[in-house]
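Novice: Make a model of the complete structure from these sequences and hints.
Okay, here's what each chain looks like letter by letter:
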Amino acid sequence: MPKIYIDNRIVEAAEGLSLLRAAETAGIHIPHFCYHPAFPPEGSCRMCLVEIEGLPKLELACSTLVKEGLKVRTMSPRVVEARKGVLEFLLAEHPLDCPICDKAGECKLQDYFEEYGLFRSQFKEMKEKREKKFGLGRNLILDRERCILCTRCVRFLNEITKTEDAGILNRGIHSEVGIFESDFIDNDYSGNLAQICPVGAITDSDFRFKTRVWFLESKNSICPLCGRGCNITVDSHPGHARALRTRRVYRVQARYNPEINSFWICDYGRYGYAYLDEGREDRLVWRKGDRETRLSWDKAAQILIEKIRSLVLRGKNSRIGVVLHTNLTNEEFFLAGRLFRKGLGVGKLLLADPPPGKKDGLLLTSDRTANRRGFEELGLSAQAADPEALSGLDLLLVFGHYLASAGSQADLKGALEKIETKALFSSHKSGLDELFDFIIPVPVIAEKHGTVTNIDGRVQTFAPCLDLEGDGLPEWRVLLDLAKELQVDRKYFSPLTSLEAVYRALQKEIPFFK
Amino acid sequence: MASWTERRSTGSWRAWNKTVDEKVLTRNFGVEGLFRIEVYRRQNGYSAVEKALKNMTPAAVLDEVKKASLRGRGGAGFPAGVKWGFVPQSIPKPRYLCVNADEGEPGTFKDRYLMNHNPHLLLEGTIIASYAVGIHTAFIYIRGEYEAVALRLEAAIAEACQNGYLGKNILGTGFDLEVAVYRGAGAYICGEETALLESLEGKRGHPRLKPPFPASVGLFQCPTVINNVETLSNIPFIIRNGADWFLKKGLPKDGGTRIFGVSGMVKRPGIYELPLGTKLRTIIFDHAGGMKEGKQLKAVIPGGMSAPILTADEIDLPMDFDSLAAAGSMLGSAAIIVIDRETSILDVLKSVSKFYSHESCGQCTPCRVGTSWINKIVKRLARGEGEQDDLDAIIRLASNIKGKTLCPFGDAAALPILSICLKFRQELEGYLPHA
Chain G
1 MPKIYIDNRI
11 VEAAEGLSLL
21 RAAETAGIHI
31 PHFCYHPAFP
41 PEGSCRMCLV
51 EIEGLPKLEL
61 ACSTLVKEGL
71 KVRTMSPRVV
81 EARKGVLEFL
91 LAEHPLDCPI
101 CDKAGECKLQ
111 DYFEEYGLFR
121 SQFKEMKEKR
131 EKKFGLGRNL
141 ILDRERCILC
151 TRCVRFLNEI
161 TKTEDAGILN
171 RGIHSEVGIF
181 ESDFIDNDYS
191 GNLAQICPVG
201 AITDSDFRFK
211 TRVWFLESKN
221 SICPLCGRGC
231 NITVDSHPGH
241 ARALRTRRVY
251 RVQARYNPEI
261 NSFWICDYGR
271 YGYAYLDEGR
281 EDRLVWRKGD
291 RETRLSWDKA
301 AQILIEKIRS
311 LVLRGKNSRI
321 GVVLHTNLTN
331 EEFFLAGRLF
341 RKGLGVGKLL
351 LADPPPGKKD
361 GLLLTSDRTA
371 NRRGFEELGL
381 SAQAADPEAL
391 SGLDLLLVFG
401 HYLASAGSQA
411 DLKGALEKIE
421 TKALFSSHKS
431 GLDELFDFII
441 PVPVIAEKHG
451 TVTNIDGRVQ
461 TFAPCLDLEG
471 DGLPEWRVLL
481 DLAKELQVDR
491 KYFSPLTSLE
501 AVYRALQKEI
511 PFFK
Chain D
515 MASWTERRST
525 GSWRAWNKTV
535 DEKVLTRNFG
545 VEGLFRIEVY
555 RRQNGYSAVE
565 KALKNMTPAA
575 VLDEVKKASL
585 RGRGGAGFPA
595 GVKWGFVPQS
605 IPKPRYLCVN
615 ADEGEPGTFK
625 DRYLMNHNPH
635 LLLEGTIIAS
645 YAVGIHTAFI
655 YIRGEYEAVA
665 LRLEAAIAEA
675 CQNGYLGKNI
685 LGTGFDLEVA
695 VYRGAGAYIC
705 GEETALLESL
715 EGKRGHPRLK
725 PPFPASVGLF
735 QCPTVINNVE
745 TLSNIPFIIR
755 NGADWFLKKG
765 LPKDGGTRIF
775 GVSGMVKRPG
785 IYELPLGTKL
795 RTIIFDHAGG
805 MKEGKQLKAV
815 IPGGMSAPIL
825 TADEIDLPMD
835 FDSLAAAGSM
845 LGSAAIIVID
855 RETSILDVLK
865 SVSKFYSHES
875 CGQCTPCRVG
885 TSWINKIVKR
895 LARGEGEQDD
905 LDAIIRLASN
915 IKGKTLCPFG
925 DAAALPILSI
935 CLKFRQELEG
945 YLPHA
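Chains as they are written, first to last, in the working numbering: chain G, 1 to 514; chain D, 515 to 949.
Don't read these hints as lab results, they were simulated from the structure.
Take the hints with a grain of salt, since some may be wrong.
What the hints assert, rightly or not - Below, in silico cross-link-like pairs of lysine-lysine (PhoX-like), each with a Cα-Cα straight-line distance of 20 Å or less:
(1) D:K717 - G:K124
(2) D:K893 - G:K127
(3) D:K868 - G:K127
(4) D:K717 - G:K162
(5) G:K129 - D:K890
(6) G:K342 - G:K491
As the list claims (entries may be wrong) - Listed below are several chain G residues computed to face chain D (Cβ distance under 7 Å; list not exhaustive):
(7) G43
(8) C45
(9) L55
(10) K57
(11) E59
(12) S63
(13) R78
(14) A82
(15) G85
(16) V86
(17) E93
(18) R171
(19) G172
As the list claims (entries may be wrong) - Ranges between beta-carbon positions, derived for each pair:
(20) G:E509 - D:S604: 52 to 62 Å
(21) G:V213 - D:F727: 40 to 50 Å
(22) D:A590 - G:G16: 22 to 32 Å
(23) D:E856 - G:D7: 49 to 59 Å
Built from N, CA and C at the ideal position, the CB exists for glycine as well.
Specialist: In structure tokens:
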């Protein structure tokens, strides 16, 4: 690999890499606005100018490629002067309305402004008046005064969605981002525009004026809303001292993963985060006739185990039914298969999933759950759950609330009334709640540990980015507890004390996960 | 089809025609109906095409042009032969020639005269250049305002096709060439070569990031040669008379003559074809007839509006690329704008800053905001609302534009503004409130 010198440090960088990227690998940040690693260099913001020994002019770090022996200076007085010059130009026509700007706190213009200390404006003229809230598209509001014309949005629409909805209109100082009159930006990826905007020009009406970014805690997660498994960050609010927190999550953003989703996520994943806070089950309930008792999992497990044990002892294994869904993790499927199929030999193993949607050719898949591929790779097969399939059972364990849409409420009620013991392990409230004796809250993917397998067979590990509130516990814990108490295959289950141990066992047994 | 440009032009070149015998490009401008192919052929027209296509290999043509040290006449002065040599011959893509006839530089009007009087000369140069580089499609990108000239070019192309100089199998040599005229829509920036390509592709005229240079990735992502009208019009003479003859017309590193377009407060404004290296004083006072009655020289812009201004004391300069560069200005498009003492330098500054603010394409930050900011300050100065530090502010802003923009437009805007503010600071300070 060619060696270059950046600020007197020797940096080894791959041929064809830009100086900006090469510097980044060495931990040297070169300020930039228009450059975005997903697109070819644009070179229009002029912020990334650096000094290269032997060249009379300052050169762009975003478009100059690494060449053996290049001597680059990123912090020389000339470079700093040039940066200040560009910043001064950008700020001259900028409204400086950071106190009411949603980008404040994560705005590049603001960061560089602080860094280069241009606190006394020399601009005495009138600023150009521009549109402050132009409806650019679904959820997108463009503030043309804040816009620095980096054209990231235009290039995104040209190169990623290929819808070519936006362009630059007018010329010179009157240049502005615009859309064709009849062409409102309305595609499944438009939410990314607000994320790639380096300043507060494009804001998201979903997030606009809701909170300040510095209150948010950003944690990594994986989007469970389709089979792609896009990498995301979940930004949650820890709550204020004297204010009632109405929800935890304020936004979901794309997280870079070159193998899966690059820099993008679809709008379905971006705006579909309400499920994290709305309609959640939080109380573990035992319902007997009209009486509702709140109890602990240990108690509930005891009762359930008794019922299962008595059925197994009477040889009525076939009267036990289990309903799974494909938002469970690989580990949970593995345990479920081992416990219910091999260990207990249950009569019915069914699957209830949300109905498939349309795939869009880019990221969104038709599966609307995170781990269908994992379910298949683990060798589990299950019949689709519907009211008819629930006949002939004495005990039913249902994971997930998706069974609610498997048939009409009346049919489900009819089928479930015939079953003596019914336990529902669900993260969300649904029509099923009133039909079950046990309701045990469980976490969603953002609240637990585990791995999922995406549509292309990539296994991804995730950790909780939100706390599980209420009485619930993760499904893998439920399955391990049941296996332990029922004393199924003790030799096998006793070493499985942690999720890691489960995954190691899974890897050992199933070649796909090696 | 005598246009107004032709009628107006006859006066100045005829006056000069009697006195100087060194001209090349404008030699036959007096011949009636030169724009018609039969008249052009009677003046030895298209003989260079015959010589090149029938008796020379493309490599020999390229060599001859390289030897002639023909430097680009559009402004930058890049050697034409070297530019052609950059075009890769091994890529299995079509190659294109773009004739830059988007003559937008304020003060410049030489290409209009050349195309209007002698369109076939440009076509002949185009054919030879295309032959040398192996091009089969050429575009003439002409500024939208030159409607009459565009029509004349199209008529000339039709005539050339009929006579077998364009189209398939030119003169039976098996060489094909199509030429099309494309009219711009009036943006100055489209004279910048990469913006021209974007415009020709039907997009916004935004300059491209270089490298890659158009010679390797140009029009429709194919190797492209872009030459100015005057540059190409010189080619037939180089082929007909040889590189040595051409070099003798100019300077060792800078062959041929140059068409100087003189405008402003002189007695005989117009175009003057003179050897490179002619003194600026000679051009203004001998050829253009000196200052108008009662006017005194104050300043000269020697190479189109983007060239830094020269004061009256600096006009003993030879007009060639290197001498002007050494004097801190540039030959540019050799358009000489003569300014008299009664003209306020603030008015000059105002029109310069207004022009560049209006014509900035808006793509890159320093140019977009810088030109507009300077223009706002100058406008305020002109309203009599100037402040003490305004001149320093203009100089600082122009320095922040200079050398930091995506295309040469930034320098073209910053350099004249800087030179005006530095050289005429005293006069400009007179507009500040304390005076």
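Novice: Under 7 Å is the threshold here; is the Cβ of K57 (chain G) close enough to any Cβ of chain D for the hint to stand?
Specialist: The hint holds - K57 (chain G) has a Cβ within 7 Å of chain D, the shortest such distance being about 5 Å.
Novice: With a cut-off of 7 Å, does the beta carbon of L55 (chain G) approach a beta carbon of chain D closely enough for the hint to hold?
Specialist: 11 Å, violated
Novice: Does A82 (chain G) meet its interface restraint, that is, does its C-beta lie within less than 7 Å of any C-beta in chain D?
Specialist: 6 Å, holds
Novice: With respect to the beta-carbon atoms only, verify the hint that V213 (chain G) and F727 (chain D) lie 40 to 50 Å apart.
Specialist: 43 Å, holds
Novice: Per the hint of 52 to 62 Å, is the separation of the Cβ atoms of E509 (chain G) and S604 (chain D) within bounds?
Specialist: 57 Å, holds
Novice: Hold the hint about R78 (chain G) up to the distance rule: shortest CB distance to chain D must be less than 7 Å.
Specialist: Given a least distance of 10 Å, the restraint on R78 (chain G) is violated.
Novice: So, E59 (chain G) near chain D? Judge it on the closest CB pair being under 7 Å.
Specialist: Since the shortest Cβ distance to chain D is 11 Å, the answer is violated.
Novice: Decide if the proposed pair is consistent with the structure: K717 (chain D) and K124 (chain G), CA atoms, cutoff 20 Å inclusive.
Specialist: 36 Å, violated
Novice: For the pair supplied as a hint, K868 (chain D) and K127 (chain G), confirm whether the alpha-carbon distance does not exceed 20 Å.
Specialist: Cα-Cα ~17 Å, so holds.
Novice: How about V86 (chain G): closest beta carbon in chain D under 7 Å, or not?
Specialist: 5 Å, holds
Novice: Does R171 (chain G) meet its interface restraint, that is, does its C-beta lie within less than 7 Å of any C-beta in chain D?
Specialist: With a minimum Cβ separation of about 5 Å from chain D (threshold 7 Å), the hint on R171 (chain G) holds.
Novice: Once the shortest beta carbon distance from G85 (chain G) to chain D is found, is it less than 7 Å?
Specialist: OK, holds: G85 (chain G) within 7 Å of chain D, min 3 Å.
The structure fails to meet hints 1, 9, 11 and 13 from the earlier list, while all remaining hints are met.
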